[in-house]
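S.K.: This is what each chain is made of:
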Amino acid sequence: MVRNRVLLVLAVVALLAAFGLAFVAHAPNRLVSGQPIPLLVAAGSRVFALLPGIVLLFAPFLPQRRAVHTVTVVAAAAFIVALWWLAGAHAAALAEAAPPAARTSLGAGFWTLFICTALALIEAVRRLGLRPASGVLIGAAVVAVVALLGAAGALDQLSIVKEYASRREVFADAVTRHLVIVLAALVPTVVLGVPLGILAHRRKSVAASAFPVLNVVQTIPSIALFALLIAPLSGLTALFPGLAALGISGIGLAPAVIALIFYSLLPVVRNTAEGLAGVSAAAIEAARAMGMTQQQVFWRVELPLALPVFLSGLRITTVQAIGLTAVAALIGAGGLGAIMFQGVFANALDLTMLGAVPVILLAVMADALLRLLTAYAERQPG
Amino acid sequence: MLKGFTRAAVVAIALSVAASGAFAQDAVRVGSKIDTEGALLGHMIIQLLESKGVKTANKLQLGPTKIVRSAIVAGEIDLYPEYTGNGAFFFSIDTDPAWKSGKSGYEKVKTLDAEQNKLVWLQPAPANNTWAIAVRKDVATANKLSTMEDFAKWVAGGGKVKVAASAEFVESPAALPSFEKTYGFRLAQDQVLVLAGGNTAATERAAAEQTSGVNAAMAYGTDGALAALGLVVMSDPKGAQIVYQPAPLVRASVLDKHPAIKDALEPVFASLDLSTLQTLNAKIAVEGQDAKQVAAAYLKEKGFLK
Chain A
120 MVRNRVLLVL AVVALLAAFG LAFVAHAPNR LVSGQPIPLL VAAGSRVFAL LPGIVLLFAP
180 FLPQRRAVHT VTVVAAAAFI VALWWLAGAH AAALAEAAPP AARTSLGAGF WTLFICTALA
240 LIEAVRRLGL RPASGVLIGA AVVAVVALLG AAGALDQLSI VKEYASRREV FADAVTRHLV
300 IVLAALVPTV VLGVPLGILA HRRKSVAASA FPVLNVVQTI PSIALFALLI APLSGLTALF
360 PGLAALGISG IGLAPAVIAL IFYSLLPVVR NTAEGLAGVS AAAIEAARAM GMTQQQVFWR
420 VELPLALPVF LSGLRITTVQ AIGLTAVAAL IGAGGLGAIM FQGVFANALD LTMLGAVPVI
480 LLAVMADALL RLLTAYAERQ PG
Chain B
15 MLKGFTRAAV VAIALSVAAS GAFAQDAVRV GSKIDTEGAL LGHMIIQLLE SKGVKTANKL
75 QLGPTKIVRS AIVAGEIDLY PEYTGNGAFF FSIDTDPAWK SGKSGYEKVK TLDAEQNKLV
135 WLQPAPANNT WAIAVRKDVA TANKLSTMED FAKWVAGGGK VKVAASAEFV ESPAALPSFE
195 KTYGFRLAQD QVLVLAGGNT AATERAAAEQ TSGVNAAMAY GTDGALAALG LVVMSDPKGA
255 QIVYQPAPLV RASVLDKHPA IKDALEPVFA SLDLSTLQTL NAKIAVEGQD AKQVAAAYLK
315 EKGFLK
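Sequences listed follow chains A and B, in order.
The opening position of the first sequence corresponds to residue 120 in our numbering, with each subsequent residue numbered one higher.
The opening position of the second sequence corresponds to residue 15 in our numbering, with each subsequent residue numbered one higher.
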């Protein structure tokens with residue numbers, strides 16, 4: 120009877136969330152918890168928008184054919200858009216009768232339905248056997264339609280969008296700043312980590328001393344490492360005033376980037392070494408037999424064959440750096456973490472979400488892009 | 015080949031470091047704490063300095079008190095709003111009775127910071143953002159509570175109280191223990207709910223929503239959220255608490271270079287009394303307005319900015 124267990128589990132969780140949890144919550148101001156409003160009440164006369172969701176409930180029981188997968192993809196994409204539209208429309212209706220400080224927030228029910236539907240979408244795309252690039256495109260299209268809804272003003276009365284509206288000026292800067300910190304850490308990480316990985320592969324002694332150190336660094340809590348760098352860096356700039364002119368100081372970007380490099384090195388070094396170790400001896404021997412010099416063997420055989428493993432290390436380290444950068448806001452580095460912690464300190468949940476959700480989105484996007492690159496590198500050895 | 019990598023590494027690090035710098039060094043770097051009032055006062059300072067032609071660099075909402083304080087001592091920011099009473103903790107002399115009065119506390123921290131750190135405290139605002147206990151309005155009305163004396167009598171007489179507070183508030187001798195000693199009451203262990211790392215936003219919310227039976231909360235005098243959350247502050251007529259008046263704290267060398275800072279800021283801080291700060295903080299914390307716009311609107315309304 121049941122043809123797809125993944126979709127069945129998702130459908131059951133989504134049903135429980137739809138009837139058991141608040142879809143949106145309405146509060147007199149942004150500091151207090153709101154009155155929970157279930158999905159059907161919020162939908163009201165717009166209940167027709169739930170139709171794609173009903174289609175998804177049948178999907179686990181249908182024969183697993185391409186046509187069914189295609190319908191599932193379309194229904195899931197439509198349902199994600201419908202969820203946002205319904206929440207926005209109900210928030211707008213509530214706002215008409217409420218004082219200006221009142222807020223309508225997205226509830227646990229909304230987020231659960233949203234995540235279940237997104238997972239159903241991923242499952243159906245996977246079953247369709249599409250190329251990774253097509254999957255990424257479908258995801259981007261759904262995000263684009265929701266963004267269009269927002270641009271058209273359909274989501275304006277949602278609390279998280281109100282938080283965005285009052286921080287429109289600093290939000291874009293925060294995203295840019297976040298990415299600058301991540302890049303400023305990743306470029307030196309790759310430049311230092313790749314040679315170190317190559318050395319670790321070639322010399323046992325390097326591997327034996329580098330890996331324990333890098334492993335221990337990973338276990339230091341990030342906030343502690345950020346804070347520990349303030350004193351020595353301030354001391355350095357006091358000794359060499361020239362450093363301050365370069366922008367190195369105990370707070371802000373410098374300690375954040377240095378700490379991030381420490382954390383980011385391990386996956387890059389380890390995967391470079393592992394990737395090289397995984398290159399078959401036969402391939403190297405064949406290349407030598409063809410008359411390649413040692414340099415040529417490295418650049419034309421070892422490096423291309425090790426590339427996929429290296430790229431997956433880079434993917435891990437990038438996703439990790441995007442998350443850790445949020446914590447760096449506590450030492451004045453700025454970025455999306457600054458918005459997140461302002462929310463935490465003011466106990467304004469939606470402001471916290473405004474900082475946290477883009478961090479998750481950035482991490483998911485970086486993960487998808489680097490997966491694509493890895494798949495491409497695997498398909499084209501050399 | 016590895017040599018090439020090393021050279022590339024040095025260049026890349028130098029580049030990423032240089033890219034991170036490039037801040038104009040002659041601009042006055044204005045910082046603030048990460049909280050609501052920090053954002054409000056910080057934006058006021060930036061707008062006022064800019065209006066007097068003093069160039070600024072925005073370092074607002076840098077982090078918690080410890081980070082901002084070490085930043086100005088290390089010379090990494092030039093100016094930020096700080097509370098006079100925090101001198102008690104910066105100089106580890108929190109039992110000194112001088113802190114219990116606004117005037118003597120200001121004189122004390124001004125002298126100490128000038129001698130030890132070459133920092134100048136400008137005139138503080140006439141508002142006291144001190145620690146207080148706020149009680150749910152329904153409880154306060156039913157038991158006729160408005161001062162800490164009423165509160166102490168009510169607790170001693172078996173009043174059903176449960177206070178949400180941070181560990182610091184419960185343990186620091188200058189905070190809850192000082193209230194207990196001055197007004198003669200004692201909260202039993204089950205009458206206090208300690209929120210780990212709790213700030214007043216969290217404790218006030220707990221009281222407003224009666225989490226775990228909480229009906230009172232640790233609060234700050236100028237918190238904007240109190241009225242919106244239906245809480246009443248118990249006044250402190252015997253002065254059990256350290257006085258915390260917000261004042262601009264500036265590096266002496268920067269003030270020498272830009273003497274206009276003093277004239278730009280002092281009249282504005284003089285206008286910020288308790289109820290003004292509460293109202294402005296509420297616009298940001300409760301209504302979610304942008305701190306920059308709230309600051310600009312106030313400065314224009316009062317004629318400090320055109």
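Mixed in with the good hints there might be a few duds.
[What the hints assert, rightly or not] If you want a taste of the chain A side facing chain B, the calculated C-beta under 7 Å gives, among others:
| no. | residue |
| --- | --- |
| 1 | Ala146 |
| 2 | Asn148 |
| 3 | Arg149 |
| 4 | Leu150 |
| 5 | Gln154 |
| 6 | Pro218 |
| 7 | Ser353 |
| 8 | Ser368 |
| 9 | Gly369 |
| 10 | Gly451 |
| 11 | Phe464 |
| 12 | Asn466 |
| 13 | Leu480 |
Hint data in this document are derived by calculation from the structure and do not stem from the laboratory.
Quantities reported herein were computed from a predicted structural model and do not represent experimental measurements.
Here a beta-carbon is modelled for each residue, glycine too, at the ideal position from N, C-alpha and C.
S.K.: I'd like to know which numbered hints this structure contradicts. Please list them from smallest to largest.
M.R.: 1, 5, 6, 13
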